[in-house]
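Asker: As they're listed, the protein sequences go chains A and B.
No gaps in the numbering here: position 121 of the first sequence is 121 in the working numbering, and each next residue is one more.
Numbers in the working numbering are just positions in the second sequence, counted from 1, shifted up by 1000.
Please keep in mind that the hints were generated in silico from the structure rather than gathered at the bench.
Think of the CB as a built atom: it goes at the ideal place given N, C-alpha and C, for glycine as much as any other residue.
Watch out, some of these pointers could steer you wrong.
[Unchecked claim] Distance windows between CB atoms, simulated: (1) D1021(B) / A123(A): 25 to 33 Å; (2) L1028(B) / S14(A): 34 to 42 Å; (3) E1025(B) / T89(A): 38 to 46 Å; (4) R62(A) / G1070(B): 56 to 64 Å; (5) T1080(B) / S81(A): 22 to 30 Å; (6) G140(A) / T1080(B): 52 to 60 Å.
[What the hints assert, rightly or not] So these bits of chain B aren't anywhere near chain A, every CB distance computed over 10 Å: (7) T1080; (8) L1081; (9) W1085.
[Stated by the list, open to error] Short, incomplete list of chain B residues facing chain A, as computed with Cβ under 10 Å: (10) E1025; (11) E1027; (12) L1035; (13) L1039; (14) Q1041; (15) E1050; (16) S1086.
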Amino acid sequence: MLRNRRATPRTNASEEQFQALIADHAEVIYRVAYSVVRDEHLAEDIVQETIIKAWQALPSWRGDGSLRGWVLSIAHNTAVSYLRRMRDTSTEPARLPERASSADVERETDARADLDRLRLALADLDELSRSIVVMRDLDGLPYQQIAEALDVPLATVKTRLLRARRELQRVVEAGVHT
Amino acid sequence: MNTEQPPFDGDRDCDRDRDFDADLESELAATDDVLHRSLAQLLAPPADLESRTQDHVANSLMSRSLLGTGADLLTVGWQTLRLMWSEPEPDADETEVTR
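The task is simple: from the sequences and hints, build the whole structure.
Answerer: Below, the structure written as structure tokens:
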């Protein structure tokens, strides 16, 4: 049986659609992917994988939510699968996603150290909270769309966001006052 | 020890829930610019992300498509050969006669 595949765009219209998909969503996907896996190269791989999945599934997208929410749900699921696969297969600590140590934070005293502190605080949050913070505070997605993209109740989105923000603000303020 | 519960007051509980929701909403609405800037800096994608993604994805789709076409051709070829080599099934009339 022949499979129904969606290959590279061949017409001008689909070429435009393809480019728009990347232009509109690549950066947001990167941030969500990075917030989950905390590795730049992996995050880029996830961007590519997500765009491929979204492009191939686009004809079957029902369009009953926002396109961004749909794309981000693919991105989040892909990132979580990458992370699980890495945790399952990797026994070498060097191959696991980067996790800064507290010694790294103390070593630096400039603006870079503030970012390191924030990176640590972000790493201490759970994956779901990190994705919620990125989707809401960086990409401005409505709460309802975040809930749909991550498949969690609306109340969970709000309470996790609040808790995560408090935690991150505490770290940022501590950096400003030192 | 007095273990008696206070009488249930639905209106008061509803008011408390409403206050909690209002507090939650107002705290959520307050944004922190410093935090926003720091997060944006921390999670900034590489400058050439868009162009690189476009190249990688186009190449990947192309090679997947070629591989898929090759697999389809092999499947069609295999099914044709199977049809040619398989014994023709006796049709219904012949079966009736032999009975």
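Asker: Look at each hint and say if it fits the structure.
Answerer: Hints, verified against the model:
no., hint, result
1, D1021(B) / A123(A): 25 to 33 Å, "holds, 31 Å"
2, L1028(B) / S14(A): 34 to 42 Å, "holds, 40 Å"
3, E1025(B) / T89(A): 38 to 46 Å, "holds, 43 Å"
4, R62(A) / G1070(B): 56 to 64 Å, "violated, 32 Å"
5, T1080(B) / S81(A): 22 to 30 Å, "violated, 38 Å"
6, G140(A) / T1080(B): 52 to 60 Å, "holds, 56 Å"
7, T1080, "holds, 13 Å"
8, L1081, "holds, 16 Å"
9, W1085, "holds, 20 Å"
10, E1025, "holds, 8 Å"
11, E1027, "holds, 6 Å"
12, L1035, "holds, 5 Å"
13, L1039, "holds, 6 Å"
14, Q1041, "holds, 6 Å"
15, E1050, "holds, 5 Å"
16, S1086, "violated, 18 Å"
The structure fails to meet hints 4, 5, 16 from the earlier list, while all remaining hints are met.
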